[in-house]
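These protein sequences, in sequence, are chains Z and G.
Be aware that the first sequence starts at 1, since it is given in our numbering, and climbs by one per residue.
Be aware that the second sequence starts at 1, since it is given in our numbering, and climbs by one per residue.
It is worth saying that the hints were derived from the structure and are not from the lab.
Quantities reported herein were computed from a predicted structural model and do not represent experimental measurements.
Be aware that a few hints might be false.
Unchecked claim - List time: in silico DSSO-like cross-link candidates among lysine-lysine, alpha-carbon distance up to 27 Å:
(1) Z:Lys26 / G:Lys45
(2) Z:Lys46 / G:Lys37
(3) Z:Lys46 / Z:Lys26
(4) Z:Lys172 / Z:Lys218
(5) G:Lys45 / Z:Lys4
(6) Z:Lys26 / G:Lys32
(7) Z:Lys46 / G:Lys92
(8) G:Lys45 / G:Lys92
(9) G:Lys32 / Z:Lys4
(10) Z:Lys69 / G:Lys45
(11) Z:Lys69 / Z:Lys4
(12) Z:Lys46 / G:Lys32
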Amino acid sequence: MYEKFRQRLDELFENAPTTNRSRELKEELLANLMDKHNDLISSGIKEEEAFNITISGIGDTDELIRELKEKNVFDYGQSVIDRKKSALVLSISIGLYIMSVVILIMCTEVLNINENIAVCLMLTIDAVATCLIIYNAVSRPKYLKADDTIVEEFKEWKSSNTTEKNMIKSIKSIMWLVITALYFLLSFTLYIWAFSWIIFIIGAAIDRIITLAFQLRKK
Amino acid sequence: MSITSDIIRGHTETIILSHLVDNDSYGYEINKAIQQKTDNQYELKEATLYSAFRRLEQATLITSYWGNQTTGARRRYYSITTLGRSAFKQYKVDWEDAKQLIDKLIYGGNKDV
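For reference, chain G alone in the conformation it holds in the complex:
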């Protein structure tokens, strides 16, 4: 599991972007979706999630706005920008390339070993 979580952590930004492609969302909703999609095998630490938000915001790949909750603390919603969409497209291409390369390197061109 440790290799898996290391790899996933390296792609936190991409995972967040993929969740924002369809609609705006907030921290806990994104983390819950990650949990559900991985059948409770993986969950981001809040610290990781929010520093990724800040990095994405600084790179203007996402923007944020406050929701208008009347009770309790306000939620901060994030939405993907056009720049974020094109960056996400590029990430997917890069990931496909990386996947093929790592397959080749690990299996040495022979997947049955």
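Isolated chain Z, as found in the complex:
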């Protein structure tokens, strides 16, 4: 009897989109129809008749199917504003990176400020720029499911995946920045040019470790 009801429901919802929502609605209906059917049988009605009464009690499913077809339109206006804001923040941070190098050259060559102080100044500006990029990547609104279809689930999964990728990228860029700064700082102050390049190999190792850490966390 369960199978018979399921087949009938599949026929009734033939025109409905194959989304999670329609699957859930069918499951919900099925449970309730079975309850009704069992009640009718225990009140002394024959199985065949009970089936017909139950099915005819469903009524017009057109409205239900129409509702299942409705989709929440993705808010286009808001996404344009978000994109503009994110582009602005990104340009500012890239500008800061370039500025930091200019300031470094200015400080050392024109103003004759101590090299260490100049490098520290550059690093501080770079840190601000990197923070802006991270903030931008993390605060971007997650792609909200417009509908429960598999396509939407895939989009959501992909979107969350790229946010994570952006985060890894930002972390790695900070790390490489620090390593480059350390390289110059150590080499200039201690005059160990012959060995200081090793720091880049260490950097490569740290790079892999960061990737690995994120992959492990995902599992």
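Using the hints, position chain G against chain Z.
Chain G alone, transformed into the frame defined by chain Z:
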């Protein structure tokens, strides 16, 4: 009966809310309660009932969760939200107003006619 069912259908949402005020319930239980309360005179069509559920859910007047039946299909239970409770209160006030207005309009202020 046709006027009666038209009027009742217009209040499907309110009827569902009134059934959920005391405890959570599922589709068939609500429909059965409607049948019993009206002495088998009225029963909602499943299609009407479930599209009302969807509308109420979208308006966040009710929320739903799956029951944990082990055999057969799972039941979906509905429970009323705080917003739903206040909406129900308002519906009752509106209904009282409408009842009085329609009485006045039909009987012209004289109930004995």
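These are the hints, each one checked on the structure:
1. The suggested pairing of lysine 26 (chain Z) with lysine 45 (chain G) holds, with an alpha-carbon distance near 15 Å, which does not exceed 27 Å.
2. Distance hint between lysine 46 (chain Z) and lysine 37 (chain G) is fulfilled; the C-alpha atoms sit about 25 Å from each other, no more than 27 Å.
3. Between lysine 46 (chain Z) and lysine 26 (chain Z) the CA atoms are separated by roughly 25 Å; this keeps the pair inside 27 Å, and the hint holds.
4. Proposed proximity of lysine 172 (chain Z) and lysine 218 (chain Z) is supported: the alpha carbons are some 18 Å apart, at most 27 Å.
5. A distance of roughly 20 Å separates the Cα atoms of lysine 45 (chain G) and lysine 4 (chain Z); the hinted pair therefore holds under the 27 Å criterion.
6. Distance hint between lysine 26 (chain Z) and lysine 32 (chain G) is fulfilled; the C-alpha atoms sit about 19 Å from each other, no more than 27 Å.
7. Distance hint between lysine 46 (chain Z) and lysine 92 (chain G) is unfulfilled; the C-alpha atoms sit about 41 Å from each other, more than 27 Å.
8. Restraint check for lysine 45 (chain G) and lysine 92 (chain G): the C-alpha separation of about 23 Å stays at or below 27 Å, so the hint holds.
9. Distance restraint check for lysine 32 (chain G) and lysine 4 (chain Z): the Cα-Cα separation of roughly 23 Å lies within the 27 Å cut-off, and the hinted pair is therefore satisfied.
10. For the given pair, lysine 69 (chain Z) sits about 21 Å from lysine 45 (chain G) by alpha-carbon distance, which is consistent with the 27 Å threshold.
11. The suggested pairing of lysine 69 (chain Z) with lysine 4 (chain Z) holds, with an alpha-carbon distance near 25 Å, which does not exceed 27 Å.
12. Between lysine 46 (chain Z) and lysine 32 (chain G) the alpha-carbon distance is near 20 Å, which keeps this suggested pair within the 27 Å criterion.
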